[in-house]
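Our numbering puts the first residue of the sequence shown at 1, with every later residue one more than the last.
The hints are all genuine.
Dumping the calculated EDC-like pairs for lysine to aspartate or glutamate here, alpha-carbon to alpha-carbon at most 16 Å:
1) Lys-10 <-> Asp-36
2) Lys-10 <-> Glu-38
3) Lys-10 <-> Glu-28
Derived Cβ-Cβ restraints for the label pairs, each shown as a range:
4) Ala-73 <-> Ile-27: 51 to 61 Å
5) Ile-27 <-> Glu-3: 19 to 29 Å
6) Tyr-70 <-> Pro-30: 51 to 61 Å
7) Glu-7 <-> Leu-61: 39 to 49 Å
8) Met-71 <-> Pro-44: 26 to 36 Å
9) Pro-84 <-> Glu-38: 47 to 57 Å
10) Val-92 <-> Trp-65: 19 to 29 Å
Don't read these hints as lab results, they were simulated from the structure. Since this is a predicted model, take the numbers as computed values, not measurements. C-beta: ideal position from N, C-alpha, C; glycine also.
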Amino acid sequence: MDEKLGEFRKGDLLIEEDRIAAVAPNIEGPSADVIDAEHMIVLPGLINGHLHTWQTGLRGLAADWTVAEYMRAMHRGLATLFKPDDIYTANVSGLVFVDAGVGRRSGREEGGLFRARPV
1 MDEKLGEFRK GDLLIEEDRI AAVAPNIEGP SADVIDAEHM IVLPGLINGH LHTWQTGLRG
61 LAADWTVAEY MRAMHRGLAT LFKPDDIYTA NVSGLVFVDA GVGRRSGREE GGLFRARPV
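Input sequences plus hints: build the corresponding full structure.
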């Protein structure tokens, strides 16, 4: 996966604070918490770069639609029925993506800037 590092069947990953400090076949250190991840793949946290939280209540509805069907039914259809409170509720409900590991999201939605507001 990394040409300079190469591939190895067994290796160590050193994490300091919240950053990957080293990856090598064998890392010697004074003391560390050891997690046995044999037979697993270790990945850094990933970023979901595109997420429409305003569509939270519609998840899965368009799973088998073509792009043309999606644009017609969602953006020229269902989206036109959403009011500001609907978008707010969907955005807040969309926070369930934190459960899926999404740790950060940008503050822009098609319905305008997402702003937290008192409930």
